[in-house]
Every structure is written in structure tokens, then in C-alpha cells.
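Residue numbers (the working numbering), protein chains in the order written: chain A, 1 to 442; chain B, 1001 to 1442; chain C, 2001 to 2442.
Hints were generated in silico from the structure; no laboratory data involved.
In this text the structure is predicted, and so the values were computed from the model without any measurement.
Wrong hints could be hidden among the right ones.
Derived, one-sided and incomplete: chain A residues facing chain C with beta-carbon distance under 8 Å [what the hints assert, rightly or not]:
#1 A52
#2 Q56
#3 Y297
#4 R360
#5 N364
#6 A366
#7 P367
#8 P371
#9 N400
Computed beta-carbon distance windows for the label pairs [to be verified]:
#10 A/E357 x C/T2062: 40 to 50 Å
#11 A/H155 x B/E1016: 53 to 63 Å
#12 B/D1182 x A/E357: 47 to 57 Å
#13 A/R376 x C/A2026: 34 to 44 Å
#14 A/D123 x C/A2322: 48 to 58 Å
#15 A/E357 x B/L1365: 32 to 42 Å
#16 C/H2243 x A/E241: 31 to 41 Å
#17 A/E42 x B/G1374: 21 to 31 Å
#18 B/G1286 x A/D335: 44 to 54 Å
#19 A/R360 x C/A2026: 22 to 32 Å
All residues carry an ideal CB built from backbone N, CA and C; glycine is no exception.
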Amino acid sequence: MSQGSISEAQSSEHIEIGEEIHALAARIFPICRSITGNGVRETLGCLAAHIALDVQEVPTGTQVFDWEVPREWTIEDAYIKNERGHRVVDFRASNLHVLNYSVPVHATMSLSELKPHIFTLPDQPDLIPYRTSYYAERWGFCMAHNQLLALEEGHYEVCVDSRLADGHLTYGEYLHRGEAVDEILFSAHICHPSLADDNCSGLALLTHLAKRLNGRRTRYSYRFLFAPGTIGAITWLARNEAHVPHIKHGLVISCVGDGGGPTYKKSRRGDTMIDRVMSHVLRHAGGEPKIIDFFPYGYDERQYCSPGFDLPVGLFQRSQFATFPEYHTSADNLDFIRPEHLGASYEMIWDAIEILEKNRRFRNLAPKCEPQLGRRGLYASVGGDKDGAARAMAMLWVLNFSDGRHNLLDIAERADMRFDVIAEAAERLVESGLLEDDAISA
Amino acid sequence: MSQGSISEAQSSEHIEIGEEIHALAARIFPICRSITGNGVRETLGCLAAHIALDVQEVPTGTQVFDWEVPREWTIEDAYIKNERGHRVVDFRASNLHVLNYSVPVHATMSLSELKPHIFTLPDQPDLIPYRTSYYAERWGFCMAHNQLLALEEGHYEVCVDSRLADGHLTYGEYLHRGEAVDEILFSAHICHPSLADDNCSGLALLTHLAKRLNGRRTRYSYRFLFAPGTIGAITWLARNEAHVPHIKHGLVISCVGDGGGPTYKKSRRGDTMIDRVMSHVLRHAGGEPKIIDFFPYGYDERQYCSPGFDLPVGLFQRSQFATFPEYHTSADNLDFIRPEHLGASYEMIWDAIEILEKNRRFRNLAPKCEPQLGRRGLYASVGGDKDGAARAMAMLWVLNFSDGRHNLLDIAERADMRFDVIAEAAERLVESGLLEDDAISA
Amino acid sequence: MSQGSISEAQSSEHIEIGEEIHALAARIFPICRSITGNGVRETLGCLAAHIALDVQEVPTGTQVFDWEVPREWTIEDAYIKNERGHRVVDFRASNLHVLNYSVPVHATMSLSELKPHIFTLPDQPDLIPYRTSYYAERWGFCMAHNQLLALEEGHYEVCVDSRLADGHLTYGEYLHRGEAVDEILFSAHICHPSLADDNCSGLALLTHLAKRLNGRRTRYSYRFLFAPGTIGAITWLARNEAHVPHIKHGLVISCVGDGGGPTYKKSRRGDTMIDRVMSHVLRHAGGEPKIIDFFPYGYDERQYCSPGFDLPVGLFQRSQFATFPEYHTSADNLDFIRPEHLGASYEMIWDAIEILEKNRRFRNLAPKCEPQLGRRGLYASVGGDKDGAARAMAMLWVLNFSDGRHNLLDIAERADMRFDVIAEAAERLVESGLLEDDAISA
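Can you build the whole structure from these sequences, using the hints too?
What follows is the structure in C-alpha cells.
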């Protein structure tokens, strides 16, 4: 466990995993995803190269709570050609150019007829916006505002070679089985096209996290869900309602490759274990941690935290969504996400896992006055280095508060020390016979 | 409901009601009131021109808890004449000149004999102070300090043509009956003479509030009490002790015509519904809201919040009493109170009433995941104007927290949105069948 | 009770007691104390000149919880002589020069052989550090770093004429019996040699406090414990385990003669009466009060607050230990502690005692509306001086909150007034028949 300051030089392991995540993000970046269709399938295929993914297909029209699984979207090409036959907007250059889930169109029209179908960002005139129209049938294009201004009057051939037809909604799941059926859920949306941070970063990070867990013995089981935003999470919840009570902790993961934050948005309940764990990790992670209360808008925590489920699921990000200029634009590209940030994000999530796995309650077997640490060699290091003093202090904290009411995280919080330092102290005290695992687990 | 920023240009209705309140305040301003006597009767007569006031007369000597109803004070005239027969102090110019509840005197005396009976404000030398002596038998005059300094040596004829005799204590009540016997109490003191803010403003505002309620269907009943400070409230409580449990919320109203604050002093309990409602209203009212904890000194909240009653009654003011230079001086005149401030104060109180009337608990009928707002036309405005986005967000808040545990005010507070926006969202959701009134009311 | 600002000119009584405490601290300062041995006995002898001290001797080897009473340390002399026979380090000049609890040594060795046995403070090169080695058998010397640098190469005769042998651990107790068997514990460590603030100040202050209580009638009993740090408190707790439940409040006292702080470190529980009382006293004491949460390191609060006891015992100091440059050095001498600081510390502790003794719950006998203070002569002073207004306000607070749920300290805290002002108001209200002692004590 190495929380470490974000700004610190990172361990080589850390850099290495960051580079692997970046490589996978880069691999899936060009794919044109939407809430349904082959883009999702192709992306799941890339993830499946790393982990034994279970891919589910749910037919169009399936009722999922208040919603219906929508038609499947297929897109082959899209462009706007000027009178000289030149593609002034070309889907092949960037899949952001097409209004995501656009209905097909093939027509020639004047610039003024075309304009209502074009979306730009006048305040960021060189960027292409990302726009969708899932539930209103529309066609459209997105482009840089400056490019729009440069369009000459005249007629244009517009083509969106897409198809909306009955098919399936696709999502992928991976389950790592631990000792318990109790689960930790990690969920990332897979519906955005070429946006690197949002959410190639999350998909790639979780894939590597699942890969690392593979073969390890863990206390908890771990479920990884790669599903389209909103409708995907709703579909999963509708199909797995009976299973939901096993989810004891959870995180929605997105935008984990930029250098901002880190940001944690609490679960609806606000005081669950995952809220406490993530607050602890972020407080000790360096950077500029931002811990915010739940609000019913954002990513799929909206669904997990709907009142009928009210699950202990928070949202982990680096920069908070919708607060940075690259968000939902063509500037959210592969340069915007960096291996060191992906590595640091990965480590924060790993630290949270370590706490969830290791947190328990111990009992001080010599609770009346302090036990004599010196004759057990546990105090030797006090006079010495700073780390030695911190280790001794951690032991005093663990001894004093292992009274049957405080678990290790409680103690770490009260001591304002990192969980791993407290957990290591507990381990040493157990070895020396001063502490025992409390029968009733934390 | 239009809370609106105090500093914003106000609606014409708002200005209009402010002008009506100011006119009534101006009508009662010249009357010389005290804790008993014809000044109170005459004032109640002016209010009765607007509402069907019930005037009560309680005989001198009546025991009311630890107190006795005092004698009735009648004053005809008061002056100090110099040796040339000129009235250097004249009650007819300002009723503040006479020490309120002064015993009669008619004598000639030297300036040095007179001086111990004269009250001035050396730090505000041009203002006449307001002073009383209810429970010690004294006579006296109040005047500008500069005027006192200008008095020549010599003899003066002093006259207070007053009478203290058995009679009555007078107060007025108005009850608007709602569906419930549960009441909201509004109370204003009627004992101060020519002080505009303190409390012609409160008397006039409550009169117009009662008038507006007249004929309206309301959930609560509304009681308006216009009674002399301290002894009046004590008398009312003593005579209505059995009725007191019906008071569910209450406000003491004074100094609501100046441009300060707004100020809310919480009830003794500090966490009652009226405390939460007024805090909400003030936080969204603009200006410089000041929300202060209860302390056992001030206006009649002292009596309502005595430990034997401990009623949920707070104090609403603009500037907090005893903190502004005009307080209890001749500068608290009709120029000091302004229609726009009276109108804004009125609107704040009305907003509080709206919340108390409309606050209830709803139940989300589609609590598992979000319902699909789009196909119901409830999301249409999201991409559009700012208000539309706020309305959609309000719906998400109402849906997420209408779980049987949160009422609309809880949700408004958690969302940090105005109550009316939340209430309107709830209304739309009820119309669309996504929400129902929770059987157990908030 | 005279909390008064620390910075204010102090009463003559205050100065006088400060001087008496300083004189006793000066008397015991030169004695070479350790965790066992004649230094402790001689010190207790000096305290016994003031109070009827009960001195206990506990044999070496006695098991006390996880510890054993150690051997007794006797020291006659210690020095380092240079080749010219000159004592370059001399125990007779300062007992800090010898590593406390040092094993005996008598040998001649080169400077380089000697150096590993010498402790200095390179950052404070003119000060002698205070160092101990209780649980590792070592010999050594402490000296100014500049003096070490000045030592010439060559051979030195080193001598610690000490003895470690079976004997006793010694501590002293004094019990003032009050009406109740419930006790307030005051505990000061007696094991440090010539350090004035740490803890000649605490020993001398508590001795004079015990002396002042002698012959007084008190509600509580008061126990004073003068014992070696850690092992002494552990020994006392082990021998008095059955008695421990009588300890209702307690303070560990050390470093009370310097001009810093005042500092209060809360008990482990953090919300006990002594925590509230000390917080109140410090908030009203002037200076720069520092109220800190419990942590399991420091003085004997570590033992009293071990989880098996979890007693309501805090630590009172002026400057917090280990935060000031004189701490554990030869600069902690008789000039560092001053009569005015000792007097102020004494008064703060006395104020705490006054609150613990006087705090109780009263009941307002006229709880419905305010009683008429005026006709009882209780309001006379309102219009008058500032103190009179404060006294009247204190009465209103006491009346309003003496509802069977708030004791005087609760009321003082809520009113943000000094406890003594509130207590005096309660006394006057009891005299006037408006208040009575609540049967169920606070």
C-alpha cells in the first residue's frame, strides 16, 4: 500500500501500471461508442483481452423499471460535403462530429437549412463538442465554431449513414470471487465515443484493477461493470435486483486520467464505509482533494443511489465532471490523460481496497495502563528515526482505542495517521500477543 | 410566492402593499401609546378599520401569573415653560417628551431641581430619547441634549397632566380560521408611542397580513395579537393558557420598516419548524441575513419562550433591536421606515406562511433508478434556459429524497434551492403520476 | 472565585500564593530525583512540611499490571575528569549531567571511547539536555554541546557512583475528605530531577492546593498523588483498582509555572464534566487558551485514560509539553517559572474546583412568563452600571433555563458568561424564592 503524495515522484510500479492503463485507453479511444451498438461490443472485446469478461446482450424493448431498452445504433459514415465535393466535416476524422445516436439523413441543403443541425462551442471556438440525442429523434453534426464561421454560403451534401433498429444493449461484467459473497462494485460507463478521460480512462483502469485481483485471495468479492451510462446501469439493476443486497461498497469511476482533484462524491447516505474510506484515502493522497456531498445528478451513482436502492456507492474522479474546459470536447483526448495520473488514480483505488480488506476491530489484551512496550522490543525505535517514532505512536493509538468499539479506520482517523501505518502497528501488536482480533468483525 | 432579493427591483404588488402598510403606520404614528390607556384603544381602532378586531379589556389588579394588571394611564398634556411662559418642551410637539407612564406633576422649580427629571442622549445630542417608568412612580421629561444645554438658568413651570387610576389593560386579537385548529401566532407590541419602526411598522404590517388572509382557505388558523409589551403578552398567556397548545408556530414582529437585516432570532428550542422556515426564507431573501440564537431578553418572545411555555416562537425584525442609532429615539420616525422595506418584510413573512402551508412529504412512486423524465416532457427544458435546468434539477432532488423521510423543506435545504422551486417541482411530478402525497403528513 | 485575565494585574492573594508555590518549588528543585530512590523520598519530605502526606513504599519486583517495580537507584556522585584531574563535568553542579538511572561506571578512556556515552543538544548548544535510561542498562552523561566541542583529545576519568539494587518505589498521597466519597484526583509526577517547570511547579502547586483545602468543607473528596511518572501511576492504579470508580473527575498537573498557554488536554472520552469545566475556565482565563483532544502520549493521563480505566482525567499545563525550547533542558530552571504564572495557574485550578463544587441544577418556580424582578428589587441595577446589567441578564438566563434539564454550567456556556456570574445570579434568585435546588442533582 503506497498512498504517497500525488506530487511525489512515483514508484516504478506505479508508473508502469499507469503506462499500461494509458495504452489500453489509447487502444479503445478511436472506437465510436454509443449507448448501444458495435462500438460497445468492440470496446468490450479490447477489455476482454485482459480479463475474462462476461458480455451480456439485452434485446431492444426489454422493460427495465421505468425505461425500455432502446434500439441499436449502427453508424458507417457521416460527412458534410461542400459544392466541390470536399468533406468539410468528416466522421472518419473524429467520431465526435456526428451527433451521437443521430438518425440517418442524406440530403443536399443550403447552409442556412443546415445550421440548425450544427452544434458548436462559441466560447471554445477551436473545439468540437460532444453532443447526443438519445430520446429525441434528431440528426446533427458537431464542429469547431471557427470552422462553422469559415463555411461558405452555398449548398452542402449532408450524410449520416446510420441505422436505428431493434437489436441489443450490450454490457460487460467481471466478477472476482473472494471469501465472502459480499461484493465491492466498480462501475464505469462505456457509452462515450472518443473522449479519453471520460471514460476511456475509467474503463482501462478498472480492467487493469480486475486483472491485478485475478488469482488473489480477497475477503470481498469484486464486481466490475462496464455498461452504457444511465440505461446500462438501470438495465443491470433491473436484471440483478435480487443480487443487489450483496453490494456492500461501491465506486463509479470516470475521468481518472487528468491531473486534477482527486474528487470523491459521497453516496446518498453520506456516512457509509466507502465514504469514510475514500475520504481517508483522499486526505492522505496529496493534490487538492475535493470531497463533495451527494447530489442526484452526474454518473451512474444516480441510479445506484436512487431511493429504492440507496446503495453505498460513491463517485471517484480526478477533476470533477463538468468543471474543466476539456470536458465533453475534442480536447479530452489522449494527451489530456497521462500515465502518472492514471497510476496515481489506480493507487488511490487500490488503497481503498486495502482498507476495505484489512479494516477490522481488535482488542487490547492488556487494557489496564499501558503495556510495557520496551521489554518487547517495540519501543526500540522511538528515540531513533522519525518513522520509528510514528510507528511507536501508532502502536499507542491502536492499544488505547482497541477497546471493542473502534476499528482500525476509526483509529487512523482519530490519530490522523495513514491507515497502513495503523494497520501495520496492529499487526506487530498481534504478533507480540498484546492484541487479538475481535470476534465480532468491524 | 416571490421571495426575491431585497435589493432587486420589486414587483408592483410588493410596492403597493408596502405603501399601504406605510400609510397605516403613518396613521397610528402620532398616537401617544403606553402599556395601558386610550392610546392603545385609539390605535386598535385604526387597525379595526381593516380587520374585524376583537378588543379585550382586562381590569386593573387582575392577577396574571407573577404580575398584576397595572393602573390605566391617561395623559392630556405635558410641558416645561420658561419664565417667559414659553413652552420649551411641549408634549404636543412630540409625545416622546414625556417620560412614558409618568405620574402627574405641576410645579415651578429651578433648573437644577428640574434636571434630575430630564433624560437626554449626550452622544446623540439632537435626538429625543424614549424612556419609560412603569414600575417605579416617577415623573420626567425627555429632550434633545443640545436643547437641555441651551436652557437658561431660572425657574420653570413643569406640568405633566396625567392620571394613573384603576381602569383596564387593552389588547386586540384577530383570528383567521383555517382547516385546522392548529395555529400560527403573530404578535406585535402596541405600547410604544411615536416610534415608527418600533412598532408602528409591525402593527401595520400584521394588520395588512391579516387582511390578506381574510377569505382565503388555509391549512392553519392564524392568530394576530396586538398587545402591550411584556404585561400584554403575559396577560394574554394567563387568560388563554388552555389554548396555548394549539400554537404550532409563531413570530413576534417588530421593527420591520427599516432597511437593515433581515434578522431572525430563533425560538428557545432553536430547531423548531418556524426556526427552519425563517432561516430558509432569510437565506434566500438577499440583504444581510442575521440568524441569531435565542437569548432571554428582547420582545415578547421572552414570554412565549419562558420555560413554562417554551413555544416555537421566534422574533422577526429587519435591523436587530438596540443595534441601530435610531432605536428608541425621535429619529425612529416616518422617514426611517420605507414602503419598499415594509413590502419586502411583508413578502418574507408571506413566504414563511407559504412554506408552512405547503410543506409536506411526498413519496416517489418509481423509486428504483430514475424515472424517464424525457418521455413525459419533464426534461425538455434541461438543455435550454437556466431556469429550465434548475427546474429539472429540482425534480431530481424531489424524486431522490421523497423516500418517506424528507419533506419538501428538508429537500430544499439539502438541495440548497428555494422552497418554491422545490414545491413547484413536486407539483409537476404529482401531475405526471411519479409522486404522491405521503399519507403521514410532514 | 476570580478567574480574571492572565494578563491583568493580579490580586495580592494571587501573588502571595504564587510566591509560596515558587518558594516550595525552589526548595525541591536541587534534589536529584528519579523513578525510585532517595530523591523522591526527600522531595516528599519537603511537601510533608505542608500537608499530612501518606508515603507509600512498594518493593522492587512487585508486579503491577504488565510492569514490575524496578530496582531502586542511589547516586552519590558523578563526574568526568580530564588528565589534569579537573572535573569537566560535575554532577554536583547539575544533576542533569548524569544520564538519569545510569548504571555505575568508573574507568579511564579516550575521548572517542567516551563520546558515545555523551548526550548533547547541537541545536541548543549551551543547554544541558535531560535524558534517562530506565529500561536499558546504560551509563552516560549529558552536557552542553559547546562544552563537548571544547573537550581536548586525551584520556578522561569517568565516574558514575550509583547503585541499582532491590529497594522500593516511593510515592506520596494526600486525601482531603469531603461530604461524598466521590473524588477529584490531582496527580503530579515526581521523578524528574532539577527541572523547575517540569515538574517542581506541579508538585509545589498541588501541595499548596491541598493545604488550602485542609479544614474546608467540600462536597467532593480530593486526592493528591505525587508519584513517579508512568511506573508510579501504574503502581497506584494497580494497588487501588477497587477504589478507582470513586474518581469522578481528575487532572494531571505539570509545567504550570511558565507564562504560556494555558493548555488543557481532554480526557480520552472528551466530553466529561472535567473537560467541560476546564474548557470553560480556560476560555474565560485570558492568555491564549489551547484545548486539545486526547492522544495516547504525554504524562500520566496515558495511564488513567488507558481503555481498561478510561477515567475522566485531563492534563493541565501552561505551555504544552515538548513544544517549548526550555523543555527537558537546563533552561527549565527557577528563572523560567514565575510566581505570577504559578499564581494564575493555581487560580485556574481553583476556579475549576469551584465549578465542580457549585454546579447543580435549579428549578424556576415561576416558569410561566418572566417573574416580575422589579418589585423584588432584582432589576434595580439594570439601567445602571454595566455589571448591574450583566447581573440582571444572568438572572434572566438562569430563570429561563432552570427547567430541570440545565445545570449552571450548561447555562453559563449557553449564555457565554462566566460560571461565577451565573452561580451568583442563581444564589440571589434562590434567596428571593424564585428558584429552588432541583432534587436530582446536576
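Verification of the hints:
A hinted interface residue such as A/A52 counts as satisfied when its beta carbon comes closer than 8 Å to some beta carbon of chain C; here the least separation is about 47 Å, so the hint is violated. Because the closest C-beta pair between A/Q56 and chain C is about 51 Å apart, greater than 8 Å, the hint is violated. With its C-beta approaching chain C no nearer than about 37 Å, A/Y297 sits outside the 8 Å limit, and its interface hint is violated. Below 8 Å, beta-carbon pairs count as interface contacts, and A/R360 has none with chain C, the closest being about 17 Å; its hint is therefore violated.
For A/N364, the shortest C-beta to C-beta distance to chain C is roughly 6 Å, which falls under 8 Å, so the interface hint holds. At its closest, the beta carbon of A/A366 sits 5 Å from a beta carbon of chain C; the interface hint therefore holds under the 8 Å criterion. A hinted interface residue such as A/P367 counts as satisfied when its beta carbon comes closer than 8 Å to some beta carbon of chain C; here the least separation is about 3 Å, so the hint holds. Because the closest C-beta pair between A/P371 and chain C is about 4 Å apart, less than 8 Å, the hint holds.
A least Cβ separation of about 4 Å between A/N400 and chain C falls short of the 8 Å threshold, and the interface hint therefore holds. A C-beta distance of roughly 44 Å is found between A/E357 and C/T2062, which places it inside the suggested range of 40 to 50 Å. Separation of A/H155 from B/E1016 is about 58 Å and conforms to the stated range, judged on CB atoms against 53 to 63 Å. The hint said 47 to 57 Å for the Cβ distance between B/D1182 and A/E357, and at roughly 54 Å that hint holds.
Against the hinted window of 34 to 44 Å, the Cβ-Cβ separation of A/R376 and C/A2026 comes to about 41 Å, which satisfies the hint. Taking the beta carbon of each, A/D123 and C/A2322 are about 56 Å apart, inside 48 to 58 Å as hinted. Between A/E357 and B/L1365 the beta carbons are some 39 Å apart, a value that agrees with the proposed interval 32 to 42 Å. Checked against the hint of 31 to 41 Å, the pair C/H2243 and A/E241 fails, with Cβ atoms roughly 60 Å apart.
Checked against the given bound of 21 to 31 Å, the beta carbons of A/E42 and B/G1374, roughly 28 Å apart, stay inside it. At about 45 Å, the CB distance of B/G1286 to A/D335 agrees with the hint of 44 to 54 Å. At roughly 54 Å, the beta-carbon separation of A/R360 and C/A2026 lies outside the given 22 to 32 Å, and the hint is violated.
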